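Student: Sequence:
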Amino acid sequence: MAVWFAPTAREAMVTHCRTVYPQEGCGILLGEKVGGAWFVARSVPVPNTHPERQRDRFQIDPRDFLRVEREAAQDRLSVIGFFHSHPDVPPYPSPTDAAFAWVNYLTVIVAVYNGRQVRVRSHLFEGEGKGFTELPTFVLLQPPLSGILTELPQDSAVLDLTGEVEPFVTLAVRSALKNRAAGSTMAVRFDCEAALHTLPRFLTADGHTLCALGWDETGAWQLWLKVKK
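Residue numbers (this note's numbering): 1 to 229.
Calculated directly from the structure, the hints in this document are not laboratory data.
Each pair of labels, with its calculated beta carbon distance range:
(1) A176 with Y105: 38 to 46 Å
(2) F65 with T15: 19 to 27 Å
(3) N114 with T49: 19 to 27 Å
(4) F168 with S78: 39 to 47 Å
(5) W102 with A205: 40 to 48 Å
(6) E71 with R201: 29 to 37 Å
(7) L196 with D61: 28 to 36 Å
(8) R18 with R63: 23 to 31 Å
(9) G36 with T15: 22 to 30 Å
(10) T49 with H197: 30 to 38 Å
(11) L66 with R18: 25 to 33 Å
(12) R53 with K228: 46 to 54 Å
(13) A176 with R63: 50 to 58 Å
Quick caveat: nothing in here was measured; it's all calculated off a predicted structure.
Positions of the beta carbon are idealized from the N, C-alpha and C atoms, including for glycine.
Please work from the sequences and hints to get the whole structure.
Tutor: Structure below.
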């Protein structure tokens, strides 16, 4: 099981949570569930209407929920979960989050540190007594290739460049690609924010296919690609 965000969906969610910091931000996730994967096509921020403790609590007005649900139906999307932020607190569900969570719906938490740095974690609430299961979270750079959900995370050779900065990340990837078979899958792991912009531009300009972008528990990013044929 995994959660796949459209880039615009992640950006809307993270931007909202940064904007309302140090209060908790919240919103509704729209998309679809296919097999064991949740595709988040849109994140819709809504006001936090908690009457007393917006610093560490959130509440969604039922009228906002119904409005977003109607708009989603018009675009043939479904409500698949909710997001909220944890200002300066790690992105893991609290007992309060469990009380709000819906069974078999996503609970995505955005930790916002000092109003800037973020960490995103996705969780599935499986009911009282079972609690939450954390799910791998990825950002799709394009519609998934055939088999991407089952092949890429498990079968890709990983080039670990955590701790490196640009331009050394891009230079290392360029060097590694010379030894990769055409059509093979490769993953690059890095934690340099600048590489989020420079690396995709280099790869597409050189004819490689970008597949997906994700992050892990350490805050490192991982990009999957198909080597050009």
